[in-house]
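Taken in order, these protein sequences are the chains called D and B.
Here the working numbering is used: the first residue of the first sequence is 56, the next is one more, and so on.
Here the working numbering is used: the first residue of the second sequence is 5, the next is one more, and so on.
For the record, the hints were derived by calculation from the structure and aren't laboratory data.
Yeah, the Cβ is synthetic: ideal placement off N, Cα and C, and Gly gets one too.
What you were told as hints is all true, and nothing was included just to trick you.
Taking lysine-lysine and the DSSO-like style, the derived pairs with C-alpha atoms no more than 27 Å apart in a straight line are:
1) B:94 with D:629
2) D:331 with B:94
3) D:549 with B:94
4) D:401 with D:413
5) D:331 with D:549
Computed spacing ranges between beta-carbons, pair by pair:
6) B:30 with D:616: 22 to 32 Å
7) B:30 with D:394: 48 to 58 Å
8) B:17 with D:170: 32 to 42 Å
9) D:68 with B:75: 27 to 37 Å
10) D:124 with B:91: 37 to 47 Å
11) B:58 with D:629: 49 to 59 Å
12) B:26 with D:170: 28 to 38 Å
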Amino acid sequence: MDQYTLNLLFVGATFALYIGIAVWARAGSTSEFYAAGRGVHPVTNGMATAADWMSAASFISMAGLIAFGGYTNSSFLMGWTGGYVLLALLLAPYLRKFGKFTVPEFIGDRFYSPTARIIAVICLIVASITYVIGQMTGVGVAFSRFLEVDKTLGLMIGAAVVFFYAVLGGMKGVTYTQVAQYCVLITAYTIPAIFISLQLTGNPLPPLGLFGEHLESGQALLSRLDQVVTELGFKEYTFQDGTPSAVLNMLLFTFSLMIGTAGLPHVIIRFFTVPKVSDARWSAGWALVFIALLYLTAPAVGAMARLNIIDTIYPNGTASESLSYESRPDWMKNWEITGLLKFEDKNGDGKIQMYNDKSTDFAATAEQRGWKGSELTVNRDILVLANPEIASLPGWVIALVAAGGLAAALSTAAGLLLAISSAVSHDLIKGQINPNISEKGELLAARMSMAVAIVVATYLGLNPPGFAAQTVALAFGLAAASIFPALMMGIFVKRINNHGAVAGMLTGLLFTLIYIFLHKGWFFIPGTASFPDTIEGSLLGIKSTAIGSIGAVLNFAAAYFVSSITKETPDHIKELVESVRVPRGAGAATDH
Amino acid sequence: MTDNNVTQKSTADQSSADAYWSANVRIIIVSLIIWATVSFGFGILLRPLLADIKVGGTDLGFWFAQQGSILVFLCLIFFYAWRMNTLDRKFGVDEE
Numbered sequence: 056m057d058q059y060t061l062n063l064l065f066v067g068a069t070f071a072l073y074i075g076i077a078v079w080a081r082a083g084s085t086s087e088f089y090a091a092g093r094g095v096h097p098v099t100n101g102m103a104t105a106a107d108w109m110s111a112a113s114f115i116s117m118a119g120l121i122a123f124g125g126y127t128n129s130s131f132l133m134g135w136t137g138g139y140v141l142l143a144l145l146l147a148p149y150l151r152k153f154g155k156f157t158v159p160e161f162i163g164d165r166f167y168s169p170t171a172r173i174i175a176v177i178c179l180i181v182a183s184i185t186y187v188i189g190q191m192t193g194v195g196v197a198f199s200r201f202l203e204v205d206k207t208l209g210l211m212i213g214a215a216v217v218f219f220y221a222v223l224g225g226m227k228g229v230t231y232t233q234v235a236q237y238c239v240l241i242t243a244y245t246i247p248a249i250f251i252s253l254q255l256t257g258n259p260l261p262p263l264g265l266f267g268e269h270l271e272s273g274q275a276l277l278s279r280l281d282q283v284v285t286e287l288g289f290k291e292y293t294f295q296d297g298t299p300s301a302v303l304n305m306l307l308f309t310f311s312l313m314i315g316t317a318g319l320p321h322v323i324i325r326f327f328t329v330p331k332v333s334d335a336r337w338s339a340g341w342a343l344v345f346i347a348l349l350y351l352t353a354p355a356v357g358a359m360a361r362l363n364i365i366d367t368i369y370p371n372g373t374a375s376e377s378l379s380y381e382s383r384p385d386w387m388k389n390w391e392i393t394g395l396l397k398f399e400d401k402n403g404d405g406k407i408q409m410y411n412d413k414s415t416d417f418a419a420t421a422e423q424r425g426w427k428g429s430e431l432t433v434n435r436d437i438l439v440l441a442n443p444e445i446a447s448l449p450g451w452v453i454a455l456v457a458a459g460g461l462a463a464a465l466s467t468a469a470g471l472l473l474a475i476s477s478a479v480s481h482d483l484i485k486g487q488i489n490p491n492i493s494e495k496g497e498l499l500a501a502r503m504s505m506a507v508a509i510v511v512a513t514y515l516g517l518n519p520p521g522f523a524a525q526t527v528a529l530a531f532g533l534a535a536a537s538i539f540p541a542l543m544m545g546i547f548v549k550r551i552n553n554h555g556a557v558a559g560m561l562t563g564l565l566f567t568l569i570y571i572f573l574h575k576g577w578f579f580i581p582g583t584a585s586f587p588d589t590i591e592g593s594l595l596g597i598k599s600t601a602i603g604s605i606g607a608v609l610n611f612a613a614a615y616f617v618s619s620i621t622k623e624t625p626d627h628i629k630e631l632v633e634s635v636r637v638p639r640g641a642g643a644a645t646d647h
Numbered sequence: 005m006t007d008n009n010v011t012q013k014s015t016a017d018q019s020s021a022d023a024y025w026s027a028n029v030r031i032i033i034v035s036l037i038i039w040a041t042v043s044f045g046f047g048i049l050l051r052p053l054l055a056d057i058k059v060g061g062t063d064l065g066f067w068f069a070q071q072g073s074i075l076v077f078l079c080l081i082f083f084y085a086w087r088m089n090t091l092d093r094k095f096g097v098d099e100e
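Kindly generate the complete structure, drawing on both the sequences and the hints.
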């Protein structure tokens, strides 16, 4: 059986499974559509949260960014797990106690202001759509590879599948399908990692293999990697840029990912589905357990893949002749079809050279060896999917990874679309425009808003502002700057009133959004950016992915300032805050 | 609204609620100090200071940035959940 058929078989079988579960658990009432009737066990909920959370960014993109960025991209690892600590300590139990369906509902009630609720809806939609763009990038990569088509066509097919899939089921369908998706994606991620770890280090546990010994050279794996990358003119893999601006950017970026995690509505909404407040606390822990399984594996995948790629291109060591284009392995040929891997024979010697052609120190060596620039361009997002092929693993592993990547992208895209659609239909239409809308009408509005969101995201996904994980990082910055501070102050600071919250959210959102647009192009349209998105070239010396932290600080500051010069929070709201702070009395959630 | 338990509270209830909340905030602050120390501290800012402590081909700071922080985060969340559930019972605010 050839690889193409095998891929189709695996992807088809897993899809049939998800859709089967979605149909079986098809949502009946609106309460089930949004929050699964609140009967989900913390471990189950943790697993579903993990699937929801680990998107194309985590599965497809992150290890690739770590592989090529080394230590600096540890921000993704710390940021996307550290946020769960904030979620568990600062938000989840209280929002569960509050007992409503959506994040804007909490903001609207706590800040006794329909305006605050509408602004929260806007923040949520902006962050979620940006996030979906990142997912669509990943979906496009996965579909283009396993259907062996161009990346644009892959994206179109992916969008159609995501739409069909998300519209079919509500949260309940999604909760149980997401458990299935988690199982598929974690197996798909860890199996090739175990194989590769065994090949390179003899250790079956990739996180231990990463800090273990490289069998072939007898050196520690990371020392070996540091050595070969420096031989090609790159900085060491473990290198830390100690300049104050680089350290500052790394701190801000990590912080932005952390508070963004705790501010993303599709993750928070998960904690509304557990039966009790104490379960909300455990649930966050279980979610992180399931997430950590992938996040502890990812840095090993990144480092080992980088080493394997270099070994492929320089089969006899970096000092000897590199691989000739004619004898390139099948995985390169396969990825060339998608346009995500490109070879250009700059010096016309028929051999593939990949090295750091930006390094001035290395220029002399390159010159001497007759190299005229790095000839292989590898899209970072293909690394995880190509990983089993690079390591020459069996065909079923490759097919499994394709299925896992799609599971990751689909589950998150579905969760986000659900968050967007509930914000529009529940908070905007039912809450503000037409409170008497029928259940049927509300469901229809929910599905229509999903359709609009996916069309917008697909269109913008054709020219994404970065690799999947980078686009997603922008979404985190937006959530970090707008939603997280409002939620946290809502629970912890009684003094913040309606005007304060509105001022804070608007300041945070607008500042962050405009800063991102200035560096990434207005509405991410290529060519409309005013500043280069580098530490040196950017407006404030901060990259657009890290600016969410500053936005959040401005949000807090604006909220405090405006609250201090406007009227005190009324007593019944203070009582509401106090009741949210204690678990006792958390009943089932109510609609209104 | 679900908060029908919000009625006029006696002073004793109020001071107990305040004590519960400040105990909670204390646990949160301690946990967040640890949270920041392992990630922003050991993983980034203090990495040069830990450079002499070697771990599998690199230094301790690198380990914290790519693995250690995640493990500490896990412990923190489970510790908090356990500690708060005990506290809920102690102050009689747990769910029946």
